[in-house]
Amino acid sequence: MVDKETPQDASNDKASAIEQSDKVSGYGAGGVETVISVEAVTREVARMSEGVPDAATLEKLAGDNIFVSIENLKAGYGQMEILHDFNLSVAKGKSLCLIGPNGAGKSTVLHSIFGFTNIFSGKITIDGKDVTRQKPNDKLKNAGIAYILQDNSVFPNMTVEENLWMGGFLKDKTDEAKEAAERVFQKYDRLAKRRSQPARVLSGGERRLLEISRALVMNPEVLLVDEPSIGLEPRFIDMVFEILDDLQNAEGKTIIMVEQNAKKGLEFADIGYVLVSGELAKAGPGDELLADPDVGRLFLGG
Amino acid sequence: MSEYIIEIDSLSKSYGGVIANKDISLKVKKGGITGLIGPNGSGKTTLFNSIVGYHPVDSGSILFSGQDISKFRVQEIARLGLLRTFQQTRIYAKMNCIENMQVSIPHRKAGFWDMFSSRDETTIERAERLLEFVGLYEKRWLRAGDLSFGQQKLLEFAMALMNEPTVLMLDEPTAGINPTLINGLIDRLKRANEEFGITLFVIEHNMRVIMNLADHIYCLAHGQMLAEGKPEEIQNDQRVIDAYLGAH
Amino acid sequence: AEENTILLGAAISLTGKYATAGNHAKIGYDFAIDKINAAGGIKVGDKTYKFTVKYYDDESTPARGGQLAERLINQDGVQYMLGPYSSGLTKAIAPVTEKYKIPMVEAEGASRSLFNKGYKYLFAVLSTSEQYLASAVALAAEVAKKNGKDPKSVKVALAFENDPFSLDVRAGVIDDIKKHGLTIVIDDKLPRNLTDMTATMTKIKALKPDLLVVSGHSKGAGTATRQIAEMKLSIPMVAMTHCESADLVGKYGATADGYLCATQWAETLTYKDPIFGSAAEFNDEIKKTYSDYADKSVPYQLAQASAAVYVFKDAFERAGTLDKEKIRDALTKTDLATFYGHVKFSEFGNNIAKPMVLRQIQNGKYNVVAPTDFASHKLIWPRK
Amino acid sequence: MERIWANIQIMIDIPVLTLGMVIDGLLIGGIFALIAYGLALVWGVMNVKNLAQGDFVILGAYITWWLYHAGVNPIFGIPLAFVALWFLGWAIYKTVIYRVIQHDLFTSLLATFGIAIVMQQTMKIVFGADEQTIALNLESYGFFDDLLTIQPTRLIAFVSAIILAIAVITFMKRSRMGQAIRATAQNPRAARVMGIDTEKVYAFTFSLNAAICGAAGGLIALIWEFQPFIGLIYSIRAFVIVTAAGLGNLAAVIAAGLGMGVIEQTGAFVLGTEYQQAIVVGLLVIVLLIKLVISSRRREVVE
Amino acid sequence: MNKSAATFALYASILALGIILPIYFPNYVGQMTVMWMMVVFALTWDILGGQMGYNSLGNIFFFGAGMYASGMVQVGMFYDLAKYNDAAGGGIYNFSFAQYFTGLSVGFVVAAIVCVIFAVILGRLVFGLRGPYFAIGTLAIATVIGELVSTWELVGGGQGMSMPNYPGDLGEAKFVFYTMMFVLAISTFMFVRWLYGSRFGLAINAIRDDEQKAEGMGIHTLRYKTVAWAIAAFFLGIAGAIYGNFNNFFEPIDVAFPTTTFGIFMVLMVLLGGKGTLWGPVIGAILFHVIKEVTWTYLLNLQWVALGLLIVVTVVYFQEGIMGWIMRKKPEWFGIRVEGDKQRLGDMK
Ligand SMILES: Nc1ncnc2c1ncn2[C@@H]1O[C@H](COP(=O)(O)OP(=O)(O)OP(=O)(O)O)[C@@H](O)[C@H]1O
Ligand SMILES: Nc1ncnc2c1ncn2[C@@H]1O[C@H](COP(=O)(O)OP(=O)(O)OP(=O)(O)O)[C@@H](O)[C@H]1O
Ligand SMILES: [Mg+2]
Ligand SMILES: [Mg+2]
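Chains as they are written, first to last, in our numbering: chain G, 138 to 439; chain Y, 142 to 389; chain U, 6 to 389; chain R, 777 to 1079; chain H, 93 to 441.
Calculated directly from the structure, the hints in this document are not laboratory data.
Cβ coordinates follow ideal geometry from the N, Cα and C atoms, glycine included.
Incorrect hints may appear among the rest.
[To be verified] Here chain G is said to cover these stretches of chain Y; the calculated rule only asks that three of the stretch's residues, wherever they fall, bring their Cβ under 8 Å from a Cβ of chain G:
| # | stretch |
| --- | --- |
| 1 | 173-182 |
| 2 | 280-292 |
| 3 | 320-327 |
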């Protein structure tokens, strides 16, 4: 097993030079010394965690006015169980960030909430309503959940404009969707320039922007966001987090997010969950986790 | 032969009305690690696609080891030892990880009858070692399509190493990868570069990665070359900061 | 009762492109069997037997036909075969029956190429296909002469489906055209799935033939009739096969008037036999028994199928044994008057005792106009 | 070769005849386009390559024919066929197609092939194997001494086909359902995230296609002979047209449909009718080859 | 019993069955011949369709091409082909024992070679097509060629061609053709088994999963594709040659290039058995053939309905095929793991 827990030669002046300069936005800068393999992370987490936090602890952590909650969820794909007895609670108007190694099951949590997985047992409630067995297409209408997928989800042959309109598909009046689209264009010149071109010609980052703004057209209650910053240029990453911040704080939306850019994610979120191998390893307020040296070493890249 | 393995001279590419690349000239040093950054939509992926032959270019030349490859097709270019990974991951979804690796051996060295040769042990061993490194050893029998997004990305990277390319072009290799693992990736990239002499050409948005990795960086904006230089230079270049990095 | 049956086997087209005609044939077989059984069955030596048939569906494909024949013989123990529908299928099955030395009396495979292979166990009650439309050609030449014209000036258009049966009819027609010295101006072959003949009809518009000959099973007959009217073609003489099974009169009424239709048999002919009575009686009884034919004319495909069963009965009774070799020998010596016409086989197995007749649709009726000996009505020329 | 030249000579000498064939080709091409359009719809939206397309058509023809014999004028019979096939399409979707949508090419090809077989046999049992047609026996319009004839039934069929096509296209562009259909075609998962009930969209699309075929079948009953087993040739034409025109592009589908009608008629005239079938399919091969050449210049493949 | 012994026992028993069955059930030899042919169909289709992801609907072309090639050679070596095929020409043609078997062996070789050449040439044309375009393109080619052959007078056009009669005892003939078909099926199986175990198998799997990626990785995709098709063509060509003689008569549309029957059955059998697997096509072909023959015997007139329903039911409820189903239930039999040796946090303490 490649187990390189010993830090590499730290006298890398290039890296430390960058660490000093605080100018870089987006992913931030930093050293790259800590090299740990995935198995090692799993093992370390197992060693350090005080056991899987139980539902009560999580509720306490979430505070009052619980809006989204998951109880003892077992879910996966086909016959395969990915999430084992997973619990989650978020209060209304709060945000939660899931971090964890690749393949831990973070996206699967979001998939399960929206109804893209096989749910073996457990319960998902939103605002007290049981939505466990609701079909995906009813989630937005009945439960007010919007989902920004991790991978590509634009309609490639529709224009950018039409894509935004589709965001308001459930609206009774098409005009409202159109107005919302105009507002987006005012905000993002980048998209405005491409408004009548098919979405397939957008670059990776432009698509991401489109996907995020499209999800907001319906003015949802809960936002599921899977790695919003993936593929975005540094300035946009900041911008996206500003948008999310605005949504949460000014508009009172509840946000559940997955983010590999854990530093950013935990900075932003009220609560952070660390997910490993389909189980919750650690939970706590975002800034607390951020300060936790173990979390830093194992998930933030040192 | 010159010290540069890829030399691009005033390359232009447009899609209908959209000019994705305009008069791009750049050089990738043999045995070095070159970075490519730039805002979203500035034409980085387009440039990669032009180099490896995914579409015809409008004008300009691309030299690989002194040979013009701007008219070559994908496979021919790949067989020269020029390999790229994709921004949107691509692996062989229905095959398991080991098979994914096995089939990624350097085919350019294969003759006609090698098609029918058996699957040898040394290849499998090498595959396992590489999988172990990216943390997929436990998953080696799993269908690659069932891996998570990040795991697929790692697998693709391992496959690229398996291929022993001369030049490896990576399109945002660390997007969606856990930060700790990113460190490992960088380490491995550096070792691949040092030990096997694989030239690297990397697109990244993650400054932590590119600044630590590259020894020379190009920055595109609006399809044009904005700046080039050493990491420190780029980082402090006002144009780059304005157009891309942003400042607090 | 078990011992007292004679099992006949048949692969017949119940599905696929020959399903229509195949069903006619099957009804013909069934009807004859019922009739013969009801009339006391078959007396072989001092025993009486009844016929039963084992059918398989060959789906109108030769490949299937060959296999099914093999199966009938090997697995179902069939010793005597009735024929399938169409020449193509018969071609596929004849080598099998020949291989196992199983006598087959067939009623629907008219291609003459069946009868130059030296088959010894194949017998056909119908006239071979080159005779189908030969009398039409002769008639056209005759009319031309009567009108004081050189037969050479008679322009003929041919439209034949590209399948074994129609191509055989065509071969006969071409021989006769050569014989009478007419001129071919159009020679189109129709693909098997054809539904539209505009291209051929347009050529007819351009070249104005005096005689159009069409053969392409019922689809060909129907399509041609329809499009001749739709494209307002005036052709003095039109001859085709399968008029009855295409139900031209029923579908197209007056527009089909004047067409010449080749037929193996017509209910107006004066043939008769002790089991089925006269041709007319046969006709009436079919209409009575099968409501499908109540307001349609009974196709000859049905009649000849019945005749084939009757020929078997006769052979069994003359042979006085169930031995298939003896039956074959008896079949070679057949000389039998039936409601369908006289049956007598050449050394190759085709019936040489019965002529083809040509009927013309006159005011919605099929009237026999040729050959002259059988004609009940006079030819109306030109058509309109 | 000589024959071909002679035929071309005729076309040049008597241009009215050529015109006649072209007009006729356009008239029947309208119907082909309609069927192909339906196919493009299910193919594009659901990725279902419907081999039973032609059998839906034939069933539509039978329904119209049956109603005609029961005394219903085809003017009403054809809409009834449309409705009947709508429900059949819906039923087939709910029993079979919903299971095959997200699977690969062959699952849907085979499922619909199976459906086609069952439909053919059932039609044979119910309606018999005879060729049928609705012979209105209307007098054709003749021009230039009847050198050019236009058949009223074909004209009616063409006009109805065009009206129906326009109606469907407008529906797809304007209506909410149309919008949902287009979105689902491009990215079903994203569509679900937008709150679109993709199941409903699929069921609707499949029913709509069946209904279009039903109406087209009614038109076919007016102009040709049909029998239970002839559906395949209409399926093949639809596939040829859609392949040539590409999905997503409606105008191209209609143009290709009309073009196919014309080429079929004139091609058969020039080369000989025996090549008519070969022309239809050969055309497809040629279109594909052209696509290949073009795309290989672009360093691409035909996908 | 260990794995290789089990495999050996399996092979041995199949071989034994193939030899014993026709002796005990001589009346079913014809159907068994066709059954082995179906196995060849399914195995060769799966090389492209299942393993390489190129769903051809036109493979049947090679079957017909082989049939015609060998037919033309067998007759043409001794007689004037045009005259032989002229239906109106009459005349009886006899083939001596030596003539017959010389013709047969030369015919088979020519059939195989011609088909391989066709595969290489056609491959150049069609391998630029993907997905449905490939399927329809190949179907179109097979159909066009069928139509063209039916206008080709030299080989009898739409009339078709009758093959020379077997010179010996006719009962013996069926065993001869049975043996040929059986040997062909076994050889095909052994060949593809070896093929999938080699690097070739991996490469065509890679092409199936993502061809662009494979190209980008430097795999000689066109070379692999062409060779794969040529292999399929080789075996299909010989199957066609055998079948032409076995059936004694063939014509272009329904026998030689039956795109809508055998051509579709190929795919169906593979799907039934499980595509992309070694045994799937074999099991699928045998099962399909048996079911088909049984319905033909006992459900006369409804056999097609039964077949149609079988197809629908298979596709709807049994999509991964029999082998796929077994693989899902018992993945360990195949060395496939569904789940990595997954660690759970709790277990590690
Ligand atoms: N469609 C699928 N079928 C079967 N298994 C799957 C599927 N998708 C994901 N998995 C498995 O589920 C596990 C969790 O996947 P998930 O996508 O939730 O990970 P993740 O935490 O989002 O990782 P990443 O950060 O890489 O996106 C992985 O081990 C993967 O192998
Ligand atoms: N196929 C295409 N057709 C038309 N325009 C395209 C196409 N592909 C890319 N473009 C346009 O070209 C520009 C450059 O795109 P490219 O994908 O190269 O950007 P990028 O630098 O890789 O961006 P990102 O970091 O977001 O991935 C974009 O504005 C995009 O809209
Ligand atoms: Mg994820
Ligand atoms: Mg990019």
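Here is how each hint holds up against the structure:
{"no.": "1", "hint": "173-182", "in the structure": "holds (count 4)"}
{"no.": "2", "hint": "280-292", "in the structure": "holds (count 7)"}
{"no.": "3", "hint": "320-327", "in the structure": "holds (count 7)"}
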